[in-house]
Structures are given as structure tokens and as C-alpha cells.
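The residues making up each chain are set out below.
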Amino acid sequence: MLTLKDIGFNNMKLAIASGKGGTGKTTLSVALAQASTAAVQLLDCDVEEPNGHIFIKPEFTSHEQVGIAIPELDEALCTNCGKCGEICQFSAIVTIADKTMIFGDMCHSCGGCILVCPQKALHEQEKVIGSIDSACACGRNSNIEFIKGTLDIGQAMAPPVIRAVKKKIRPDMLTIIDCPPGTSCPMITAVTGSDFVILVTEPTPFGLHDLILAVETMRSMALPFGVVVNRAGSGDNRVSDYCSAENIPLLLQIADDRRVANAYSRGEGLLEAMPELAQQLRALIDKITSDVDTSTKGEQ
Amino acid sequence: MKEIVIISGKGGTGKTSITASFAALSKNAVLADCDVDAADLHLLLAPSEQESHPFFSGHIACIDEQKCSACGTCQSLCRYDAIVAHEGKYAVVASSCEGCNVCVTFCPEQAIDFPERRCGEWYRSITRCGPMIHARLDIGAENSGKLVSLVRQQAHELAQQQQCDLVLIDGPPGIGCPVIAATTGTDAVFIITEPTCSGKHDLLRVLELTRHFDIPAYICVNKWDINPSMTKEIQDSARENGAQVIGTVPYDSHITKAQIAGKTIVEYGDSIAAISIKQIWQNFCAAIEI
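Protein chains in written order, with this note's numbering: chain A, 1 to 300; chain E, 1001 to 1290.
Be aware that one or more of the hints could be misleading.
Computed cross-link-like contacts, EDC-like style, restricted to lysine to aspartate or glutamate with a CA-CA straight-line distance of at most 16 Å [stated by the list, open to error]:
hint : chain 1 : residue 1 : chain 2 : residue 2
1    : A       : Lys120    : A       : Glu72
2    : A       : Lys99     : A       : Glu59
3    : E       : Lys1027   : E       : Asp1165
4    : A       : Lys57     : A       : Asp172
5    : E       : Lys1067   : E       : Glu1109
6    : E       : Lys1257   : A       : Asp256
7    : E       : Lys1146   : A       : Asp133
8    : A       : Lys168    : A       : Glu64
9    : A       : Lys166    : A       : Asp195
10   : E       : Lys1027   : E       : Asp1270
11   : E       : Lys1257   : A       : Asp236
12   : A       : Lys167    : E       : Asp1081
13   : E       : Lys1278   : E       : Glu1267
14   : A       : Lys166    : E       : Asp1081
15   : A       : Lys99     : A       : Asp74
Pair by pair, the computed Cβ-Cβ distance ranges are [to be verified]:
hint : chain 1 : residue 1 : chain 2 : residue 2 : range
16   : E       : Arg1128   : A       : Gln279    : 29 to 39 Å
17   : A       : Gly154    : E       : Arg1239   : 20 to 30 Å
18   : E       : Gln1050   : A       : Leu115    : 25 to 35 Å
19   : E       : Gly1185   : A       : Ser244    : 22 to 32 Å
20   : A       : Glu276    : E       : Pro1216   : 45 to 55 Å
21   : A       : Ala97     : E       : Arg1128   : 31 to 41 Å
22   : A       : Arg266    : E       : Glu1289   : 37 to 47 Å
23   : A       : Glu126    : E       : Ser1052   : 12 to 22 Å
24   : E       : Glu1233   : A       : Leu77     : 19 to 29 Å
25   : E       : Pro1228   : A       : Thr294    : 33 to 43 Å
26   : E       : Pro1216   : A       : His123    : 55 to 65 Å
27   : A       : His123    : E       : Gln1050   : 48 to 58 Å
The set of hints was computed from the structure by calculation and includes no laboratory data. Remember, it's a predicted structure, so these values are computed and weren't measured experimentally. From the three backbone atoms N, C-alpha and C, an ideal C-beta is built for every residue, glycine too.
In isolation and in its complexed conformation, chain E is listed as follows (with noise of 0.2 Å):
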């Protein structure tokens, strides 16, 4: 079994339409969203779901007003600005509070609860492209690199029990916590682009994590046509950095109005970039032999 992740440093330029499209080409995969901040695959391809689960991660400070003596502890020892006084009493702001145990632990009055932290929740689901695994972060949640870390082991656990011979990951944006949770120990990282500066800025340091973490890259200028030259500066320089270049998509309209149709571009019509996709999701799976 392989498993894949599709990511692109800089958001916007495409990963959740070539996910899709690559799911609808291929024959025998598991989904995994694991872009759990602002998942999306679900829009195109409509997964109706199996089994649903609450995510736990870490917890959070909860100050019982009864038993606080308003001290100032707890403020003073906090590094993330979480504990808020106001009209004398003190209390948690959750959307700071990184659960550390610090406030916790030398509360003079052992004031300060610490339950564990609902941060979302995760589906386990069924789609015309197969099975899938997705999940979403709560509003203001933290841990979303846990989420990640989860939805892909839920993702592996389910393609060996169906004998999947692949797992496509829909990374998220950037090369923090989240992206490094989706990418570690993946078979091969497609990195989906866009001809222009800022793309191959944010190519160059997505190539360099590759690097650092020792993964073979390939990767697809999409809206190649909106500058040529910089398509071909950035294959270039993609090459010089390791990663091998698999094709491009033009710039094509199709794809906006196939997300509006709730279809993935290869299931609407023969537009061009519907046949350049196709192609490349053939070149993609002969180089690393699925």
C-alpha cells in the first residue's frame, strides 16, 4: 500500500480539485481530508457518512470562581496571555489556553479544573470515489497536527482492512505543524502549483521540508498559460531542487464551474483541463508504480 499526499505550500492553487480528480480516476483508494482547518473535499464529492467520533486532544484550564482567591497566580505564570481578569475575578481564555498544566499545577487554591479538550471531530465515510476519512476542527480549536496525525492513521487502518493498494492524502496549506503532520513517512508528495511568484516562493520551501524529510516530490504548474515563463523558471528550478515534474493544467474555467456542479473536473466533460489531468494522473502513477 502507498500512501500519497497532495500539498501545495501556498493555498489556492488547486490541491482539493486534483484530490478529487485523482479519486475519481483512481480504482482502489481511501480518501483522507487532511486538510482539517478548512476541509473541502467533502464539497465535490459528497461522502454520506458511516461513523462519527469526537476528537480529544490535550486539555484545557478552567478556573472555579467559587474557590479562586483572585491571587494572580495563575496570570502571572502564564506564557500564551490565556488567563483574562476582569471586575476581579480571573478566568481562561480557551482560544489561548494551550493546556500546558502550568496554571494548573501551582494555583494556591487549587482553583483550576483541567478536563480534557474536545477539539472536533472525525467522520468515516462512503463516496462514489470510495471510502473516506475526514474530519473537522472545531471552531478556535488547537492541535490540528493531531487531527491530521489521526485521520491518517484511521485512513491506513481502514485501506488494510479493505485491502486498498492506496491511500490520497488532501494536504493542507503551508509547511507548519499541519503539513509536516501530513507529510511524514508519506511514499511520494505532489506538490500542485500556480505560475507566479508567490508560487514559487512557497514551492521552494515545501521542496526544501521534501528535503528535510527525505520524501521524493513531484510536481504540476497548474494555470500554466497565465505565464508561461514563469511556469518553465519554476520547473527548472523545481528540477535543481530534486523533485520531478509530472505536467501542467491550463487555465480553465471548467474547474470553478464543476466545483459549483459538485463534481470533480475529470467527471465534467472533456474540457482541457480535464484531459491534461487525466495524463497526469497517468505519468504520476507510472513514476511511482500504482
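Just chain A, same shape as in the assembly (with noise of 0.2 Å):
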């Protein structure tokens, strides 16, 4: 059958997000994106903890800020009514006798208190939370674009830095999203949209546990996805047995092998430990890419 890919067109958008950490997220992206033949972008949405480019090695050619955006007060106009501390949902603007104050740590951006002013005293202005760097050509075969997302040390929301960063996802190419740990806000930013998850999982009960978690997530979004098992044999069959009984689609297993683990702590990736994987991860991402094809047209 022939694939979009065959005639030089994927711009599926994969995300890689598994409920534990430390299961080999950015370990399989980075792989997917060096396999990949085509041009592919790999985006960095572990703002919290990005990794992605210890193994890129990118040479960043664009550094640019991430802000959002939050009330600042004009105290002039300001007449202490407490319109705007009773919309606001966050305890982030509080009027207390006659004086109004504003808490930017706590602000969600909804924009409420602007809106809800009867003397217009209120205007945004952007405070700064993070950052994204970008770089073109990147790995041995020059074939990926890398954009890193990174939040600031003390602030607190990963999510409009990974908004950011996915507003970059280009329409015209296969997007890879290395997503961060966890099944709450974070995690959801960075798979919403996509065409298909892969959660990462090893076979221990930490992994089964957080895998389920995973799977309930993907289900109430109504993603499409798949299983791959890391390290497989250092643990048991329960992530498998399970996948079997729940007729999820057990992608990959990538054997555990202490050449990876030895490669990871230099910084390598698992493309240079275990080179014969290259042609299982085309396969894969050519696999994913016609079933996702297929069942956008079965639903058109």
C-alpha cells in the first residue's frame, strides 16, 4: 500500500509521553528523529527538565523568551472596588480595605480582571517564564529541525512554555513531542493535538501501574496510541500480559542491554549503542504513519 511517506509527505504529529519518568522518552525520540529519513522536527516539551539536547548537540541559532502575560495596576485610576479580586479564580489580585495588590507568581493570564474593571485601571504586561532555543540541520544526517522549551528556575507553570513551543510545530513536516512525565496539566498540553501517543513503559509493576494511568489519560482524550516496553527483561511479562488483555498495540521492545545504559550516561543515544535498531524505528514510524492515514480516511 502506499503510504504518504512513500511519496515524500508525513506531517504526522507523534507524540512519546509515558506516565513514569525515566523510562526512555527522550531516549526513543531522539532515536525516532535520527531514523527518521525524511525532514522531521523534534521538539524538546519536557520544559521542566529538557534533555533532549544533550544528545542533539545542537548548535542553537535562535534563543527567544517566553512570557505571559499579567495585570499591572494603575493605582491612579484604581478606586479599590474588588471587581477584579472576586473574578479571579487564582488569590492573584486582592483588593483588601484600599489598597489593591497583585501576586504575578499566582496568575493564570485568563485576562478576568482586565476584562472585569469598571475603570479600566488594569493592563497586561508580559512577564517572562521561560525560553525557547532553536536549531536547524541538526544530527548526523542533518535531517532535524530541535526546539527546546525551558522553564525558569521558581516559576511554576510548564504549560504556556509548552504552548509556546508547540505553536512552532510546522504543518508541513513529521513532528516528533518529547512529552514530560506525569498524567496532569503538563503532560496534556504537550499530547493534545497530536496523532498519536507512544507511551514509553519498562516492565516492573512501577512502570504497569504508571502505564494504566497513562492509558486511562489517553483514552478520556481520546488519542490514538501504542505501547513500547524499555529495557525489556529486566523485569517481568506483566506490561505485556497486560497490553494483550487490553488490546493495546505493543509497538516495539527494546531488549535492556548495558551498552544503552552506558551510551546514556555519556550523552549518546541509542542509535549509536544499537545501530541495527535504525531500520525497526523507520519501520515504526511508517507503521504508525499509515494506520493513523487510514483512519483519517475511514472517519472522512
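Combine both chains into one complex, guided by the hints.
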């Protein structure tokens, strides 16, 4: 069957996620991008602890700040009526007696206080919470456009930085999104809008428990997904048993191999340690692309 | 009473295995699982649940289809892309709604309800290693930071009631909202890392955070023998950044075997990892005077 990739066009958005941390999201994301024969975007959306650059070793050519809009008060116009504090759900703006105070770290940038102020005493100003670095033509085959999001230390809210990174997604290219761990807002922000999600886990009780949470999250968001087991052989069969009982596609098992652990510790990727995997990873991209393509046509 | 939190920056370096081992080695501690996104401590400590409580936090917008005139005001004001239009009707995407109240306030038809939002559940339990407070965030729910704060507060109160002298907190990965909620105001941060470029990179970010909040930090390198020179590099830069180095744990497949058996590594024979973790616990107790 002819796939989109065969005609040189693959614009799939492929997210790599997991419930548990440290299962190999970055390892797999980097290896998939390196294995791809076509041009690919690799987005590091694990903005609290971005690591993709350690393996890609990009020369960043652009650096930009990510800000969120927080309110600023013109005290001369403010009558301390308190309406801003009433609409705010995050205790980010409070009027006590004759003083209105703003707590920028609590603000979710909803814009409510500005809309509701009868005196137009509030306006938005930008507060920097992180940054985005980009590099073109990275990787051994110079086929990777690498974009890294970083949350500044001491800042609490990762989702605005993740959303800013995802604004860089090009419509005409395969995009691989390296997601943060967990199942709450940062992970959900990162996987939202993707065509397919690969959940990476390891064959242990922790791995299975957190995989189940991630599977429930995918199902609640109605996103198609499959599972890759990393360090296969280091634990037991509980993950593969679960996947077959739940009819979840087990896409690939990557064997537990000291070569990979040693290479990883030096900042070298999966393909440096196990070059023989490149063929399987290319086949995996093709298979997912063709499945996504078929199901999209099915819906139409 | 002292509050100690175990974090890592990078995920999967051994936070829960270490916390559970410390729980088994400590005499009079309350345990708190603050990795509410992906809580795993219960898999090793098998808590028997005494109480469960729903966790409500904030509100969620709900459009009443009957009253909605499909004007689209809500969608144009929403900053979170949480309102979608489908066949002339508007609906709220629960996983994107941050409960900000803007659409509710400005809907000209007053067609948007704003009920309290259930975000999860928290539990008070008993384990063989002491009492435990843990929680589960609902699928796709927000506000894990607030649930972390709640778990900590409950653990603190329980420790006071039962006159325990230590609260041991299993922390979340990363450096954002849940980590800030788990670390601020604790007496010490125990950081478990691994001798990899990623481990080092993430450790330095975590140490910047602990300095930012002025909390004493202690570090331990897990699987140190995977890369001895990286272990040394990490220990040197941890010291330069004001952290105290408290020991190393060798790579040991018994850790996974113990996990499969539902035990902590220190309860699973005299493996090389168990021996070093016991030593680390002694060093750590001496360092923080417990």
C-alpha cells in the first residue's frame, strides 16, 4: 500500500509520553528523529527538565523568551472596588481595605480582571517564565529541526511554555514531541492535538501502574496510542500481558542492554549503542503513519 | 519534627525505591506520597486504607445547552482553547478548562454553570513502616500542586497527633508547580540522581531550585558504577553548588526483583544496594540530626 511517506509527505504529529519518569521518552524521541530518512521536527516539551539537546548536540541559532501576560495596576485610576479580586479564581489579585495588590506568581493569565475592571485601571504586561531555543539541520543526517522549551527555575507553570513550543509545529513535516512525565496539565498540554501517542514504559510494577494511568488519560482524551517497552527483560511480563488483555498495540520492545545504559550516561543515544535498531524504528514510523492515515480516511 | 523530601529532577532515578527503603529503616515516621501524578509508593508499602476523602479544587465551566444562544462570546474570551464549537453548539473541554470564571462572568445568557471540581482523592492509611498519607489525581485533572500541598498538610497534622518525629515525603519529578509545593518549607531535600549527562543536567536545575528556596540539599548517586567518572563529576559539581554528598548506590538488579516482590530493597536480603542504602540512611540521619 502506498503511504503518504512514500510520496515524500509525512506531517504526522507523534507524541512520546509516559506516566512514569525515566522510562526512555527522550531516548526514543531522539532515536526516532535520527532514524527518520525525511526531514523531521523534534520538540522538547519536557520544559521542566529538557534533555534532548544532550543527545542531539545542536548549535542553537535562535533564542526567544516566553512570557505570560499578567495584570499591572494604574493606582491613579483604581477605586479599590474589588471586582478584580471577585472574578479571580487564583488569589492573584486582592483588594484589602484601600489597597489592591497583584501576586504575579499566582496569575493564570485568564484576563478576567482586566475585562471586569470598571475603571480600566488594569492592563497586561509580559512576565518572562521561560525560553525557546531552536536549531536547524541537526543530527548525523542534518534532517532534524530541534526546538527546546525551558521553564525558568522557580516558575511553577509549565503549560504556557509547552504551548509556545508547540506553536512552532510546521504543518508540512513529521513532528516528534518529547513530552513531560505524569498525567496532569503539562503532559496533557504536550499530547493535545497529536495524531498518535507512543507510551514508553518499563516491565516493572511501577512501569505498569503508571502506564495504566497514562492509558486512561489517552482514552479520556480519545487519542490513538500504542506502547513501547524499554529495558525489556529487566523485569517480568506484566506489561505485555496487560497490553494483550486490553488490546493495546505493543509497538516495540527495546532489550535491556548495558551498552545502552553506558552510552546514555555519556550523552550518546540509542542508535549509537544499537545501530541495528534504526531499521525497526523507520518501520515503526511508517506503520504508525499508515495507521493514522487509514483511520483519518475512515473518519471522512 | 522534621520534614524531609526526596526528589530527583529527572524521573526514574529511584526516588520511590529510596523513600520506601528510608520508610523501612526509620523508626517513627509518617510517610507522604507527593508524586500524586504517578504515585507508586503504595506498590512497595501495601497500605491498608483507613479513610478516603474526595479532593475538590477550584471550579469548572459547564455550558447549559438549553440556555446557550451560540453567540461564541465564551470561545472568544477563553485563553486556554477550552471551548469548542460543534454543529452550532458550544462545549467545554474539561481537560483544558482552568476554571478561571471569565466565560461564566461574561456569558450574556448566563448559560454557564460553575460547579466545584473534583480533582482526585486522598487517603489516610497504615503500612508496616508507619502511617501514610497518599493521593490519586483524577485522570486529566488540574491542580496537582494543590493536592501535593494537601497531602503534606495532612501528613504534618498526623505526625503531630501521633508524636512522630519525621515526615518522609516521596516527591515528584521536575522543577515546576508540584515540586515547588512538595519542597518549600521542608527541613532538607534528599536528591537521588544517576551518573548520566541528563541526570547531571537535571540535578543542577534542582539545586538551583533548592538554593532559590534556601533549603539544605543532600545528594546520592544511584547506579554510580554505570559511569564512575560521571559520578565524580556530579559529586564535584553538587559540592560546588552547596549540596552535601551523602553516598552512592551501585547498580543492582535486586532493586527490580524486590519491586516485583512488593518489598523495599532493604527488606529483600543483603544485596549490595541494600547495604549501601542502610549506610546512606545512617549518614543522612547524622547529617540532619534525627
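Next on the checklist: Of all the hints numbered above, which does this structure not satisfy? Sort the numbers upward.
Outcome noted: 2, 4, 7, 10, 16, 18, 19, 21, 23, 24, 25, 26
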